[in-house]
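K.L.:
Residue-level listing of the chains:
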Amino acid sequence: QQQVKQSPQSLIVQKGGISIINCAYENTAFDYFPWYQQFPGKGPALLIAIRPDVSEKKEGRFTISFNKSAKQFSLHIMDSQPGDSATYFCAASTQGGKLIFGQGTELSVKP
Amino acid sequence: GAGVSQSPSNKVTEKGKDVELRCDPISGHTALYWYRQSLGQGLEFLIYFQGNSAPDKSGLPSDRFSAERTGGSVSTLTIQRTQQEDSAVYLCASREGSGGTYNEQFFGPGTRLTVL
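One line per chain: the protein sequences are R and S, in this order. Using the working numbering, you'd call the opening residue of the first sequence number 1 and step up by one each time. Using the working numbering, you'd call the opening residue of the second sequence number 1 and step up by one each time.
Take these hints with a grain of salt, some might be off.
Stated by the list, open to error - Cut-off 30 Å, straight-line C-alpha distance, at most; resulting in silico cross-link-like pairs (DSBU-like, lysine-lysine):
1. R:K42 / S:K15
2. S:K57 / S:K15
3. R:K110 / R:K5
4. R:K5 / R:K71
5. R:K57 / R:K68
6. R:K15 / R:K110
7. R:K5 / R:K15
8. R:K58 / R:K110
9. R:K58 / R:K42
10. S:K57 / R:K5
11. R:K57 / R:K5
12. S:K17 / R:K42
13. R:K42 / S:K57
14. R:K42 / R:K110
15. R:K71 / S:K57
16. S:K17 / R:K5
Claimed, not checked - Distance ranges between label pairs, derived from CB positions:
17. R:K5 / S:Q83: 22 to 30 Å
18. S:G71 / R:K58: 35 to 43 Å
19. S:S66 / R:P111: 17 to 25 Å
20. S:S7 / R:Q103: 23 to 31 Å
21. S:G42 / R:Q95: 18 to 26 Å
Said to hold, decoys possible - Footprint (simulated), chain S over chain R, 3 or more residues, beta carbon under 8 Å:
22. 32–42
23. 45–56
24. 99–107
Read the hints as simulated data drawn from the structure, not as lab findings. Using N, Cα and C, we set each Cβ at its ideal position, and we do this for glycine too.
Using the sequences provided together with the hints, build the complete structure.
P.N.:
In structure tokens:
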């Protein structure tokens with residue numbers, strides 16, 4: 001019930017390509033869905049977040065697509081760059097409380 | 001301004017010893033969280049402090065783990081009688097605002113704990 005499932009575990013994309021990471025959840029009480037980016041040796045940093053009252057949110061090259069009925073959400077990185085190479089985590093929470101994280105996706109963007 | 005800071009950045013200890021990990025949240029942030037990041041378990045919630053409310057301890061894996069937050073600011077995570085499976089990166093995060101808001105959680109750099 002509390003799990004968030006994330007796929008794929010790793011992803012290799014060519015520079016300029018689109019990176020897509022998917023997450024699914026079970027708990028319908030979740031009402032906040034952030035994506036975090038983590039570089040080696042650093043703590044996670046918020047990339048973009050969405051509430052379930054909208055189906056899509058875009059910030060620059062990053063877009064979250066949200067499907068409430070399917071209980072799924074995804075991160076799309078357009079025009080992927082080598083500097084985007086990092087580990088990405090989806091997460092979910094209720095009312096600003098604890099974050100339940102997906103297992104993480106290690107993205108490598110090849111030049 | 002300053003972000004979330006954690007100390008030490010690395011800690012190596014022997015099995016059975018107690019350790020204390022410190023978190024200094026962003027000034028004015030009322031919510032403070034501890035998470036653990038390990039290869040096998042990913043990022044796991046441990047404990048959450050919100051203002052003067054009783055902490056949410058639902059993620060603590062055993063009674064060897066405890067945490068306190070003094071004066072609504074600095075927090076210390078204590079692990080007693082450490083075991084090798086406690087080896088992980090312990091991350092602290094803080095957030096502005098009261099419960100029911102959706103402000104960003106800002107993470108510190110973490111403390112890497114190695115139990116020999």
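K.L.:
Would you mind marking each hint as holding or not holding in the structure?
P.N.:
Hint-by-hint comparison with the structure:
Taking the CA atoms of R:K42 and S:K15, the gap is near 26 Å; set against the 30 Å cutoff, the hint holds. Only pairs whose Cα atoms come within 30 Å are accepted, and S:K57 paired with S:K15 is accepted, the gap being roughly 24 Å. With a C-alpha separation of about 26 Å, the suggested pair R:K110 and R:K5 falls inside the 30 Å cut-off, and the hint holds. Note on R:K5 and R:K71: the hinted pairing holds, with a Cα-Cα distance of about 11 Å set against a maximum of 30 Å.
Distance restraint check for R:K57 and R:K68: the Cα-Cα separation of roughly 14 Å lies within the 30 Å cut-off, and the hinted pair is therefore satisfied. Distance restraint check for R:K15 and R:K110: the Cα-Cα separation of roughly 6 Å lies within the 30 Å cut-off, and the hinted pair is therefore satisfied. Only pairs whose Cα atoms come within 30 Å are accepted, and R:K5 paired with R:K15 is accepted, the gap being roughly 27 Å. The suggested pairing of R:K58 with R:K110 holds, with an alpha-carbon distance near 24 Å, which does not exceed 30 Å.
With a C-alpha separation of about 25 Å, the suggested pairing of R:K58 with R:K42 holds against the 30 Å cut-off. Under the criterion of a C-alpha separation no larger than 30 Å, the hint pairing S:K57 with R:K5 is consistent with the structure, at around 23 Å. Taking the CA atoms of R:K57 and R:K5, the gap is about 21 Å. The hint holds against a cut of 30 Å. For a cut-off of 30 Å, the pair hint linking S:K17 to R:K42 stands: about 26 Å separates their Cα positions.
Proximity of R:K42 to S:K57 is assessed by CA-CA distance (about 25 Å); at most 30 Å being required, the pair is judged to hold. The straight-line distance between the Cα atoms of R:K42 and R:K110 is roughly 22 Å, inside the 30 Å bound, and the hint therefore holds. Our distance criterion of 30 Å between C-alpha atoms is met by R:K71 and S:K57, whose separation comes to about 27 Å. Of the supplied pair hints, the one linking S:K17 and R:K5 is violated, its CA atoms being roughly 35 Å apart against a limit of 30 Å.
Separation of R:K5 from S:Q83 is about 28 Å and conforms to the stated range, judged on CB atoms against 22 to 30 Å. Range check, S:G71 to R:K58: Cβ separation about 41 Å, and the 35 to 43 Å hint holds. Between S:S66 and R:P111 the C-beta distance comes to about 47 Å, which lies outside the given range of 17 to 25 Å. Checked against the hint of 23 to 31 Å, the C-beta distance between S:S7 and R:Q103 comes to roughly 28 Å, which is consistent with it.
For the pair S:G42 and R:Q95, the beta carbons lie near 23 Å from each other, so the given range of 18 to 26 Å is met. By the rule of at least three residues with a Cβ nearer than 8 Å to a Cβ of chain S, the coverage given for the stretch 32–42 of chain R holds, with 5 such residues. Only when three residues or more bring their CB closer than 8 Å to a CB of chain S does the claim for the stretch 45–56 of chain R stand; here the count is 4, and the claim holds. Counting residues of the stretch 99–107 of chain R whose CB falls under 8 Å from any CB of chain S gives 6; the rule of at least 3 is met.
When each numbered hint is compared with the structure, violations occur for hints 16, 19.
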